[in-house]
Amino acid sequence: MSNIPQKLQYTKTHEWIRQDDELLTIGITDHAQTMLGDLVYVELPEIESSFDGGQECAVVESVKAAADIYCPVPGEVVEVNDAVIENPQLINQDPYGKGWLIRVRPHDQKGSGLLNADEYSKVVASEAH
Amino acid sequence: MSGLIFEKSRTGRFAKAQWPTQKLDACDDIPASLLRTDRPNLPETSELQVVRHYTNLSKKNFSIDTHFYPLGSCTMKYNPRGVNRLAFLDGFIQHHPLSLEENSQGFMACAYELQEILKSVTGMKGAALSPMAGAQGEFAGVAMIHAYHLARNDLERDEILVPDAAHGTNPASAVQCGYKVREIPTGPDGNVDIEALKAAVGPKTAGIMLTNPSTLGVFEEKIQEIAKIIHQAGGLLYYDGANFNAILGKVRPGDMGFDVVHLNLHKTFATPHGGGGPGSGPVVANERLLPYLPIPRVAKEGDTYRWLTEKDCPQTIGRLSAFMGNAGIILRAYLYARLLGKEGLQRVSEYATLNANYLLARLKAAGFTAAYPERRASHEFIITMKNEARTLHITALDVAKRLLDYGFHAPTMYFPLLVPECLLIEPTETETKEVLDAFADALIQIIEEAKKDPGLLKNAPHTLPVRRLDDVKAARELDLVYKAAE
Amino acid sequence: MPFIPHTEQDVKEMLETIGIRKLDSLFDEIPESLRHASLEGVPPGISEMELGRLMRERAQKDGNMLCFIGAGAYEHHIPAAVWEVATRGEFYTAYTPYQAEASQGSLQLIYEYQTMMASLMSLEVSNASLYDGASALAEAILMAIRLDSKKHKTSVLMPRSLHPHYRDTAKAIIRQKHDKIIDVPYLKDTGKVDFAALQKLMNDDVAALVIPQPNFFGVLEDVDQLTDWAREQGIFSIAVVNPMAMSLLKPPGQWGKEGVDIACGEGQPLGIPLASGGPYYGFLCTRKSHVRQMPGRIVGRTVDMDGKPGYVLTLQAREQHIRRAKATSNICTNQGLMVTASTIYMSLMGPQGLRHVAALCHQRAREMKMELTSIPGVEAVFTAPFFHEIVVKINKPADQMLRELARRHIQGGYALKEIYPELGDCLLICATETKTTEDIKLLAHHLRDVLEGRKLACPA
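Protein chains in written order, with the working numbering: chain A, 226 to 354; chain B, 306 to 791; chain C, 3 to 462.
No lab work stands behind these hints, which were simulated from the structure alone. Do not rely on the hints blindly, as some may be mistaken.
List time: in silico DSS-like cross-link candidates among lysine-lysine, alpha-carbon distance up to 25 Å [what the hints assert, rightly or not]: (1) B:Lys365 - B:Lys763; (2) C:Lys328 - B:Lys485; (3) B:Lys485 - C:Lys173; (4) C:Lys152 - B:Lys485; (5) B:Lys605 - B:Lys616; (6) C:Lys152 - C:Lys24; (7) C:Lys24 - B:Lys669; (8) C:Lys290 - B:Lys788; (9) A:Lys237 - C:Lys328; (10) B:Lys313 - C:Lys14; (11) B:Lys757 - B:Lys691; (12) C:Lys14 - B:Lys555; (13) C:Lys153 - B:Lys485; (14) C:Lys290 - A:Lys289; (15) B:Lys605 - C:Lys63; (16) B:Lys669 - B:Lys738; (17) C:Lys173 - B:Lys616; (18) B:Lys757 - B:Lys778.
Only chain A is shown next, with the shape it has when bound in the complex (with noise of 0.2 Å):
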C-alpha cells in the first residue's frame, strides 16, 4: 500500500508538489520509487533555468529503469536538493521529505491539471496488474 499524504498536490506522472509559500517543492511518490526500485542516479536542472508545464526537467535512474521527471507547472528552479545527488537513496528512504528532487517559483499562481490525494490514489490502482 503506498503512501499518499493527503496535504499534498500530485501529477498523473507520479511527482508529489507542495506549495511552500509562493515556491513549490517538486519530487516523486512513494508508489515511483517503489517501483523504480533503489535509486543510484540523479540528474537535477539548473538554477534559474525554467520550463513549461510538463516539460521534462530532471531525470532519476534505478538500475532497471530511467524515468524523467516533469515539471508539474510553467515556472523557473530556486532550488535543487543536492543531497540527492550525493545519495540517491534518500528518495527511496523518505521520498516526501528528504528526498525532495527541486523547487519552482511558477510563473502563474494557479496550479492547473495538479490531482489531490484521492485522485492520485486512483491512478496508482489502476495501474496496479
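Use these hints to put chains B and C onto chain A, whose structure you have.
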C-alpha cells in the same frame, strides 16, 4: 584474490616467443614530445599464465556449446563448427579489404551469393550486407525511408510508429534518424490495435517499424491490413527481422507488404554470438527503396564481381563502416545457408515452431500461465509469472536465477515490457525433445520449491561461480577499471 | 536436415502433445495467401565436405599475396593462442552477459579489456566496444554534441587527412540528426592539419575537433597544439588513434595540458586478422565525468551476496533496452568476440611486447621509405614525421602500378587519386613487423621493374 590477469602480473615477465627477434633502432625521427614515456597497464605474464587464465575464465560461462539457452528473440541455435573452420581459411583470413577487386573474387562471390539468398528468403529486390548488427540495420532501414520521402519532397513526415511491444532498438534507431516516435498499443490478443493505428496514421507518418511474429511471440494476423493502412497514408513499412527464425522459408516479408527488412545473421543464420557480438544486420529492400541501400554492395557483371560505390548509387544513404561490414560473419552466414540449402532453410521455421509449441503445451499442462493462451506460439512464447508472484511471492527473476542452478540459461526477461513477470522462451530448432522435457521438468520442480522453500529461489543461484550480484552497488559505486591497491 | 535432431517418433509424440495432426497446422494463424514462400534462387544444401572444396577454391583466389596495404587495417603477427582460446565454445557461443552469474567469464574479461584499453589511451574509462573505428567516431561525435546539449551545437571540425571512410561513415550517421562536418585542410608539404585554416573555420556552432594520430597518410600531427586549442575554444576534442601505435606514441589522455575528452578508433591491430574487412571492433574511452553519455555496454565490478567480487553490466539505464527512444545510442549487439581475442592478445604481448612490435613497424616503414624513394620516379610526398605508413608519388598511373604488382603477387598499397585528386598518382604504403628486409627489397625491385617498363620474367 579476485584473480584478475593484472594480479598475476610480475615485472619482467613476458611471452618471449611472440616478440620479433630483430633488434630495434631508436625512433629518433619521431619528436620526443610525441613519444610515450610511461607504460600502459597491460599485464606482464607468461604465455602459459595467459592461456590458463582465459581458459579458466571461459569455463565460468554458459554457452550454446555447453547449455540449453532459451533466450527469447536471440535464436540461440547451434553455431556450426565447420562454418568457423572454413571462414578461417588463409585466403579469407589474411585478405586485406582494400585489395584490388580482381584479387578479391573469392570472397566477393560468397558475399554476392548471400545477397541473392537473402533476397530470395525475404522476397525483396536488393540487398546490402554492410550493417554490422541488427541495430545498425534498423538505422539503415529508417534512414532509407527518410531518404525516400526527402527525394519526393515529402517533408512533413516526422513520425515513425512503433508498437509498444517493440524491442528497444526500434525507437532508439528511429530517434537516431531524427524522427519522433509514436507508440501504438497492443490489444489483449497480442496483435497491434488496428483502431489505434488508424487514429495515429496521417500526413506526418513516415512509416512503421514492425516485427512479425512480434516480440510477444505471436503472428500479427492483420499484417496485410496494416500494410494497406500505412501505404495508403503514404508511409512505408520496416520489418525487424529479429524473429525471422519463426517464418524462414514459410512466409516472406516482401509478400506481407514490407518495403525494407533487416535480418540478424547472428540469430537466424547461426553465426556465433561471441559473448555479445559480433552480429550482422544486412538490409534488403523492394524496388521503391532500392536506390537508397547503403554501400558498398557486390554486383556481378558476367563472371566478375565488383563493388558498387557512391558513384554507382548516387542516392545511397552512404557508408556505415570503414570497410564492408562484418565480412567474416557474412561469410559464416553464407556457409550456413549453403549447408542447409533450400530444404534445410524451409525446415528451420517448421521445427523451431514445433519445439516452441511443444514446450508451451507441456508448460500449460503443468499449470503455467501463457501470456496469450489462445494463440499459437511462433518460434517463441511468453509465460507470465504474475500469478505465482501473487500467490508464492516469487518473481520471474527468482525463477530465472534458479534455472541457472538446474543448468539452463534463463529465458529473456527484460522485455517485452508489456507483460509483467515474463519469461520469453525460444528453444530453436536445434534442440532435442529430451532437452525440452528436461527444461519443462526443471520449471515444474522450481515451482514446487517455491511452495516449500522459497529461499532456494530468492537466493539463487547457489551453484555458480558467484551468488546473486549487487547491481545497485555496481551503479552507485562505479568501478569500471582495475586499479592496483596503493 | 542439417542440425535438426528430430526423429519421426519425436515429431509424432510432439504433435500429439500439442494436439494437432500435422506440422503445417502450427502455421494456421497465418493467412493462407502468405504461406507460399518459394525459395527460388537458393541452391540445394551440400555437405561440409563439398562446401570445403568450394571454399578452398575460392580462398585460393584471394590468397598468396605479399601485402603492403595499411589504410586502416593492419597485418600483424597474431599468436596462435589468441584464437585457439577465443574460439573455445564457451566464448564463441556465449551471448550477451545479461545473466551475470552465468557469464562471469565474459564479464571479467571485458572488465580487464576496459582496464587495458583505458590505460593504453591514458583515459579514465572505456566501454565494452562498438562496431568498428568508423562508427565509433560517429558515436563519439554524437556523444560530444550530447554533452554540450544546452548549447545545441551541430558541427564538428574534421581534418581531410582523417581516413576517408571514417569521414563518410560519420557523415552518413550524424547527418540523420542534421549534424554537419566541416572539412579542415592539410598542408601540402608536411601532410599535417593546416592550423591557420583551422582557426579560421572555428565558429559558435562547432561542438568538437577530431584529431587523428597518426593521420590517414601516416603523418604525425601536432596533437598537443590541437588539443590545447580545442580546450581554449571551449569545444570537445575527439582523438582517433591506432591503438598499437599508442604503446609507442604519446596517448590521447596525455595530449596538451589536460588530455582529450574522448578517444576512439579501430581495435583491429590488436590481435584481429584482416579477414577481408571484418569483424573488427571500435573502442571508445573518455573521462569519468562523461561516462553517462558514453554509448555501448559497460562492465562494472561489484560483490555478490556473500561479499565475493563479481562483474555485471552496469549503467544499463542509458541503453536502448531500458531508455528506448532516449538512449545514448541504439547499439545492442557489439563486437564481444573480437574484444575477447584482443584482450588475450594484449595480455600475451604485454606493455613491452606491444611497444616492441610498434617500434619494429616503424623501423620497417623507415627502411621501406629509404628503399622506395631511392628509385627514380618515386618520391615521398610529405615531410613530417610519420608512423607505419608513407605516401609516395610515382610517375605512372597508380591503378596500373597496383595491377602490375598484383600480377607479381604483391599488394603494393592503396591508390589515393580518387579520394585525393590533388595528390595525383600516389600510393599509401605500409610496412608492419611482418615484413622482412627481403620483402621490402622485393617490393622495391618490382616497383622499379614496372616503372622502367620491364615485363615479368615468367608470367604469373
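Now the hints, each set against the structure:
Under the criterion of a C-alpha separation no larger than 25 Å, the hint pairing Lys365 (chain B) with Lys763 (chain B) is consistent with the structure, at around 22 Å. With a C-alpha separation of about 11 Å, the suggested pair Lys328 (chain C) and Lys485 (chain B) falls inside the 25 Å cut-off, and the hint holds. Proposed proximity of Lys485 (chain B) and Lys173 (chain C) is supported: the alpha carbons are some 21 Å apart, at most 25 Å. Straight-line distance between C-alpha atoms of Lys152 (chain C) and Lys485 (chain B) comes to about 20 Å, which keeps the hinted pair within the 25 Å bound.
For the hint pairing Lys605 (chain B) with Lys616 (chain B), the CA-to-CA distance comes to about 16 Å; that is within 25 Å, so the pair holds. A distance of roughly 61 Å separates the Cα atoms of Lys152 (chain C) and Lys24 (chain C); the hinted pair therefore is violated under the 25 Å criterion. Between the alpha carbons of Lys24 (chain C) and Lys669 (chain B) the distance comes to roughly 20 Å, so the proposed pair stays at or under 25 Å and holds. Distance hint between Lys290 (chain C) and Lys788 (chain B) is fulfilled; the C-alpha atoms sit about 14 Å from each other, no more than 25 Å.
For the proposed pair Lys237 (chain A) and Lys328 (chain C), the alpha carbon gap of about 21 Å is at most 25 Å, so the pair holds. Distance hint between Lys313 (chain B) and Lys14 (chain C) is unfulfilled; the C-alpha atoms sit about 56 Å from each other, more than 25 Å. Restraint check for Lys757 (chain B) and Lys691 (chain B): the C-alpha separation of about 19 Å stays at or below 25 Å, so the hint holds. For the suggested pair Lys14 (chain C) and Lys555 (chain B), the alpha carbons sit about 21 Å apart, so the restraint of at most 25 Å is met.
Simply put, Lys153 (chain C) and Lys485 (chain B) have alpha-carbon atoms about 21 Å apart, close enough for the 25 Å limit, and the pair holds. Distance hint between Lys290 (chain C) and Lys289 (chain A) is fulfilled; the C-alpha atoms sit about 21 Å from each other, no more than 25 Å. As the CA atoms of Lys605 (chain B) and Lys63 (chain C) are separated by approximately 17 Å, the hinted pair is consistent with the 25 Å bound. Restraint check: the Cα-Cα separation between Lys669 (chain B) and Lys738 (chain B) comes to about 17 Å, which is no more than 25 Å; the hinted pair holds.
For the suggested pair Lys173 (chain C) and Lys616 (chain B), the alpha carbons sit about 17 Å apart, so the restraint of at most 25 Å is met. At most 25 Å may separate the alpha-carbon atoms for a hinted pair to count; Lys757 (chain B) and Lys778 (chain B) exceed this at roughly 31 Å.
Of the hints listed earlier, those the structure fails to meet are numbers 6, 10 and 18, in rising order.
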